[in-house]
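Once you have looked at the hints, place chain B on chain A.
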Amino acid sequence: MSDEVKPPSTPPGDAPGQAPPPVPPAGAAPPAAAAPPKPAAPAKINLTAEVDSPALRTLKEKFPQAIQAVSFYAGEVTVLLDKESLLDVCRFLKEEPALRLDYLSNLCGVDYPDRAKRFEVVYHLFSVSLRHRINLKIQLADQEPAPSVISVWRTANWHEREAFDLLGIPFEGHPDLRRILLTDEWQGHPLRKEYPTRGHDRDHMKLR
Amino acid sequence: MFRTEMMDINMGPQHPSTHGVLRLKLILDGEIVTDTDVLIGYLHRGVEKLCESKNYHMIEPYTDRLDYVAAMYENLGYVETVEKLMGVTVPERAEYIRVITAELQRIASHLVWLGTHALDIGAMTVFFYCFREREILLDLFEAFCGARLTYNAYRIGGLPWDLPPGWTDRVRHFVKIFPGRQQEYDTLLTKNRIWLGRTKGVGILKAEDAIDFGVSGPCLRAAGISYDIRKAHPYSVYNRFQFDIPTGENCDTYDRYLVRMEEMRQSLRIVQQALDGLPGGEIMGKVPKRIKPPVGEVYHTVEGPRGELGFYIVSQGDDKPYRMRFRSPSFVNLQALPHMVKGSLVADVVAVIGTLDIVLGDVDR
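Listed in order, the protein sequences are those of chains A and B.
FYI, the numbering for the first sequence is 1 to 208, going by my numbering.
FYI, the numbering for the second sequence is 209 to 573, going by my numbering.
Excised from the complex, chain A in its bound form (with noise of 0.2 Å):
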């Protein structure tokens, strides 16, 4: 059953406490042998530096009440929303001269079944003239409708159709909202944490 390959007792820790030990360049002793894999640390890029955004600036300055947070992860700049105010601030980055995020890159739901909002659906804009990114993100919980934002980008459309197939998230003011990917007659939503990967009445179905 279970997949995952267990090296012998790694503890829980960092991925470069771990890294291969035949790294050491020169032939130093045992105890500086373990101290390479440190100087390595530091000279990775440090993830989750703050980016000058101007789409973020912008937003800080028109929507100061709408923004819940805001991460740094990679050069990515994420903003946590107030869902009611998600289609305002959509379309204000559309037709903003100075950002012009025309171009909706991807949406997608994220399922967190401990907290009490338990989806993220998650837009990553792109500005196909000005070429800068953002990413925004609201939290809903259990059978909450999201605002659907097909009058802003068209494209949202199967994006928010398969959020709703596969995550069983609803999207407020969706013209067709209806399976996708899987059949009408699919029972359940396959991303949710808690539907078995194998799927529902697949018991006797043995893996060799």
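The reader is advised that the hints may include incorrect statements.
When the alpha-carbon atoms are kept at most 30 Å apart in a straight line, the in silico BS3-like pairs for lysine-lysine are as follows [to be verified]:
(1) K439(B) x K94(A)
(2) K439(B) x K137(A)
(3) K262(B) x K137(A)
(4) K117(A) x K497(B)
(5) K117(A) x K500(B)
(6) K94(A) x K550(B)
(7) K137(A) x K408(B)
(8) K500(B) x K137(A)
(9) K497(B) x K193(A)
(10) K94(A) x K414(B)
(11) K193(A) x K500(B)
(12) K193(A) x K414(B)
(13) K117(A) x K528(B)
(14) K262(B) x K193(A)
Which residues of chain A face chain B? A few of them, derived with a C-beta cut under 7 Å, are [unchecked claim]:
(15) L47
(16) Y73
(17) D102
(18) Y103
(19) N106
(20) C108
(21) H124
(22) L181
(23) G188
(24) P190
Anything over 10 Å on all C-beta distances counts as not near chain A; from chain B, calculated [to be verified]:
(25) D237
(26) W369
(27) T376
(28) R378
(29) V383
(30) G409
(31) E457
Quick caveat, the hints were computed from the structure, so don't treat them as lab data.
As the structure is a computational prediction, the values presented were derived from the model and not from experiment.
Positions of the beta carbon are idealized from the N, C-alpha and C atoms, including for glycine.
Just chain B now, with coordinates in the frame of chain A:
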């Protein structure tokens, strides 16, 4: 008295020109398409769900099976995303080899597109010519990684193998002969009256609609938008190479044909430069055996042969991704199909499916 009414016709899922298991429900007024419902999902394998129970190394073979016509590019996008998530730097030699193989893959993928697209429209010879050259490329890939279609060719942090002996000479030979071969396709199609009649003015997708629909890749560039991720956000070592981004003007199937033909020439230029500048040295960066990225999430895009290939990974600090999302260009581009075929003939639907260059494994995931 004549009575006219709309007719519903199912095209696919078993239809030779839908390039797999695509089903279109066409609503016809005579032979004119008034509306189209695109029904997908026949090839849905739940890869995103599967990835949540696999560790990072085990996911790469799954990416092969998404866009199986350009698996090398899926591998590239995936390993780059994990590397970005972990902040790993890849040795230069590995980056160069990745670029060479990925660009050869772009040519191979465009050859499949050209052959099948022309075959759908009725030009059968091109198909045989294209697959003749693709065979050389598949042999090269086989020599490089042992597989002809599903490569699993890269590793997080570098490459599993260095190039086999004599491989670069074989690639150089391909680079030398391919322009002549491409001339042959040109002769067969570019000024062919039937080809012009079947593609000119067919499936028009204007720039603003293309952006609104999220269409990317050659379909966007044929609408006059000079947007290529290799130039806009250079990943790997693409910023070191000279190449042009071809764009179209008329936003039609013929321009998309010209754009892809030129892209093959540009890919060849990149391969040539990468071969000339191929450095020696390591092929694997310093990566732990067990990949455990820190808590965080990234969305990384690469310019696949079909367009923007996006990978969104949410990591909770575990050795498996918490959420894995593939933003496949075929899925997004296909959404523009009803808009492109509205008001055209049924025969043009075939041309538009071909020009969108969809791979159903990529659409349905």
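### Task
Compute the least Cβ-Cβ separation between R378(B) and chain A, then decide whether it is above 10 Å.
It holds; R378(B) is separated from chain A by about 33 Å at its closest Cβ, greater than 10 Å.
### Hinted contact C108(A) with chain B - closest CB pair below 7 Å
5 Å, holds
### Query
Does the structure keep K137(A) and K408(B) at a Cα separation of 30 Å or less?
At roughly 42 Å apart (the allowed maximum being 30 Å), K408(B) and K137(A) break the hint.
### Query
Are K500(B) and K137(A) close enough, with their CA atoms no more than 30 Å apart?
24 Å, holds
### Query
Hey, does E457(B) actually stay past 10 Å from chain A on C-beta?
Consistent with the label, E457(B) stays out of reach of chain A, its closest Cβ about 17 Å off (over 10 Å).
### Task
Could you grab the alpha-carbon distance between K94(A) and K414(B) and see if it respects the 30 Å cut-off?
18 Å, holds
### Query
Does W369(B) sit more than 10 Å from chain A, CB to CB?
18 Å, holds
### Task
Hey, is G409(B) genuinely clear of chain A, shortest beta carbon separation above 10 Å?
Consistent with the label, G409(B) stays out of reach of chain A, its closest Cβ about 23 Å off (over 10 Å).
### Message
Against the 30 Å threshold, does the CA-CA distance of K439(B) and K94(A) hold or violate the hint?
### Response
23 Å, holds
### Message
Please check whether the beta-carbon of T376(B) is more than 10 Å away from every beta-carbon in chain A.
### Response
29 Å, holds
### Query
Does the alpha-carbon distance linking K193(A) and K500(B) stay inside the 30 Å limit?
Holds, at about 20 Å.
### Task
Over 10 Å to the closest beta carbon of chain A is the bar; see if V383(B) clears it.
31 Å, holds
The structure fails to meet hints 4, 7, 12 and 23 from the earlier list, while all remaining hints are met.
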